[in-house]
Amino acid sequence: MTVKSTIEAIREAMHEELVADPRVMVLGEDVGTRGGVFLATQNFIEEFGEHRIIDTPLAECSIAGVSLGLAFRGLRPIAEIQFSDFWWYAANQLIGEASRVHYGTNGYLSAPMVVRIPYGGGVRGGLFHSQYIESYLYNTPGLKVIAPSNPYDAKGLLKSAIRDDNPVIFLEHKKTYRAVRGEVPDTSYTIPIGRAEVKRPGTDITLISYGLAIHYGMEAATLLEGDDVSVEVLDLRTLRPLDNETILESVKRTGKALIVHEASVTGGVGAEVAAIIAEGAFEYLDAPVTRLCGPDLPAMAFAPTMEDGFMVNTQKITDALLKLAAY
Amino acid sequence: MSPNGEKALSSTKAMPAHRRLGLTDDQLLGFYEQMALARIMDDRLIALNRQGKVPLVASCQGSEAASMGLALAAKTDGDCFLFPYYRDMPMKLVMGVSPLETMIGHIGKDGNTFNGGRQFLLQGASPNFPIIHLSNVVGSNLSQAVGYALGCKTLGEDTVVFVSFGDGGSSEGECHEAMNFAGVHKLPVVFCCYNNRLAISVPQEKQMAIENLADRAAGYGFPGVVVDGTDSLEVYRIAKEAIDRARDPSGGPTFLELKVERLKPHTSDDDDTRYRTPEDMEDSRRRDPLARLNAYLSDLGILTPAHDEQIFQESRAEVNRVTDAAENAPWPDASNLYGHLYAP
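Those protein sequence lines, which keep their order, are chains C and V. Heads up, the first sequence is in the numbering used here, so the first residue is 1 and it goes up one at a time. Heads up, the second sequence is in the numbering used here, so the first residue is 1001 and it goes up one at a time.
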């Protein structure tokens, strides 16, 4: 075990898979000599050569489409979209095409590809370098969508994604890249896609979240110990397919649920989780299912005052938990 | 090679064009028989559409020589992979897809190997053919074909990839991105643009400010060639050249602009009398690729009127047979709606 940052864990996952499987390739803008703008692919081109590590033109649609074509030929591409704000160009190839490959060929073809996408705010990225895109992706049947919160999960889930025979969108919260560090085995391991994890057991309220907000949720849960409120924290980790079973099992025990995410509230992952709880655990509820999410605004505003207003934080979560505890 | 192409079929009786290209009389007759079959199949699909039995037809009439000439080059080469588009039913026939499977696929009955009734126009992919035709979102197949070619090159294979699309599709940003990528990596791809001068109803002059789409290839660093797409042998000849160029270490992609005609409306849902003049349609009919190949074979005495009549009779009988068989085939089980969403 070594303490690593999230970006180091992500790099390690790709490195291990590039070594283990000659079919694995990496492509994207600046992933070669530059090593990626976040250095996720640092030194890959030197080690694996420019036939496996491809600096592409600045053109996201073809990054996704070329990846799909590589997958058709039996290779296992890992594409990097430099910022989530640029992924829209690739939407046709991912939502329109890749998601329908297996279904549309009646199970004959598959599309083993991973698209890594840095996303999220809190980094002063403003309106066009901070977007949350998971709401537009998680409701696409045929895609798998992963959003890890920490280095250990990032490495294990990314390795699973690379080995998966389906198109997987791997969402990496930019603020976790260096701010979130943790112990990561130096050896190979995987974490199954589609399983949520109880990060902290509790009995009064289930806090359901993913990505960066998990860390604020954990802080809030610790703070509330002093108020005799026992909060269970559930990290979804995979947004499609959602782990209905673990969500329901937890909420049935606690009777209250607070769903937290930074993406805009309307139609977000939280809306689906709330519906799952309403349908599967209605009789166990002691309070309305509650959401604490990003506002319905286009994206993050630039000035720090406004950015703080958009983002979820420990204080906002603590307030919401106390209100729910008192219900 | 000339846009209005009178030259290509020019040949002497002693050494006709097809023999110079290494095709025997019988091979070319077989090719003509397939084109006749494609025409009758297309007419039948349109008729079945009017009867409410085939929901959509994207007629191939007017682009058969392009679609089939490319396929003949690919098939005789033996190591080509195709990413066709929605007017390429004849391409699939040449590659060996049976008329029955074609008919079943268009009706949506059970038993096609491309999509199991999940898609129209026989889209999808089959383990039996070197073809991927995932969707009919125009332009989407270009970067996929480029990626496939990159994969072949990465694996050290000699496969050459063909991707076809229309003049309409050439306006998509995807087209630019794909050709640029292929140019950078000198990939073994043949970009085949069937230019019928109409994006449904929008004429070429409203789609682009140039006369020849092939001119664009220079911007991507590879050759663009204008081909008379109603001339089967010329398409075949240029396609073979493009295959050779794709495999040449100093070669790479080629852009073929196949000047074709659209003898029918865009699809069975379209009414082209709203935007085409009778004169324009008459001009198109004069460049009917089937009639052209017929004239070529007849001039050389390879095809007699009696033989021609026999070919059409047999094609009609075959299309009748597969129509009956497809109509009598079962529908896919409703449970096939589910399953195969994710690869295991």
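Mixed in with the good hints, there may be bad ones.
Stated by the list, open to error - Each computed SDA-like pair below joins lysine to any residue, with the alpha-carbon atoms no more than 20 Å apart:
id, chain 1, residue 1, chain 2, residue 2
1, V, 1053, V, 1274
2, V, 1109, C, 200
3, C, 159, C, 186
4, V, 1186, C, 50
5, V, 1153, C, 186
Claimed, not checked - Some chain V residues flagged as far from chain C (calculated, every beta-carbon gap over 10 Å):
id, residue
6, 1118
7, 1180
8, 1200
9, 1343
Please keep in mind that the hints were generated in silico from the structure rather than gathered at the bench. Glycine residues also receive a C-beta, built at the ideal position from the N, C-alpha and C atoms.
Hint-by-hint comparison with the structure:
1. Straight-line distance between C-alpha atoms of residue 1053 (chain V) and residue 1274 (chain V) comes to about 25 Å, which puts the hinted pair past the 20 Å bound.
2. At most 20 Å may separate the alpha-carbon atoms for a hinted pair to count; residue 1109 (chain V) and residue 200 (chain C) exceed this at roughly 53 Å.
3. Between residue 159 (chain C) and residue 186 (chain C), the direct Cα distance comes to roughly 13 Å. Compliance with the 20 Å bound is thereby established for this hinted pair.
4. Distance restraint check for residue 1186 (chain V) and residue 50 (chain C): the Cα-Cα separation of roughly 14 Å lies within the 20 Å cut-off, and the hinted pair is therefore satisfied.
5. Our distance criterion of 20 Å between C-alpha atoms is broken by residue 1153 (chain V) and residue 186 (chain C), whose separation comes to about 34 Å.
6. Its beta-carbon lying about 6 Å from the closest one in chain C, residue 1118 (chain V) breaks the requirement of being farther than 10 Å from that chain.
7. With 10 Å as the threshold on Cβ separation, the claim that residue 1180 (chain V) sits away from chain C is violated: the shortest Cβ distance comes to roughly 6 Å.
8. The beta carbon of residue 1200 (chain V) is kept farther than 10 Å from every beta carbon of chain C, the shortest such distance being approximately 19 Å.
9. Non-interface call for residue 1343 (chain V) relative to chain C: violated, since the shortest CB-CB distance, roughly 4 Å, does not exceed 10 Å.
Taken one by one, the earlier hints fail for this structure at numbers 1, 2, 5, 6, 7, 9, listed in ascending order.
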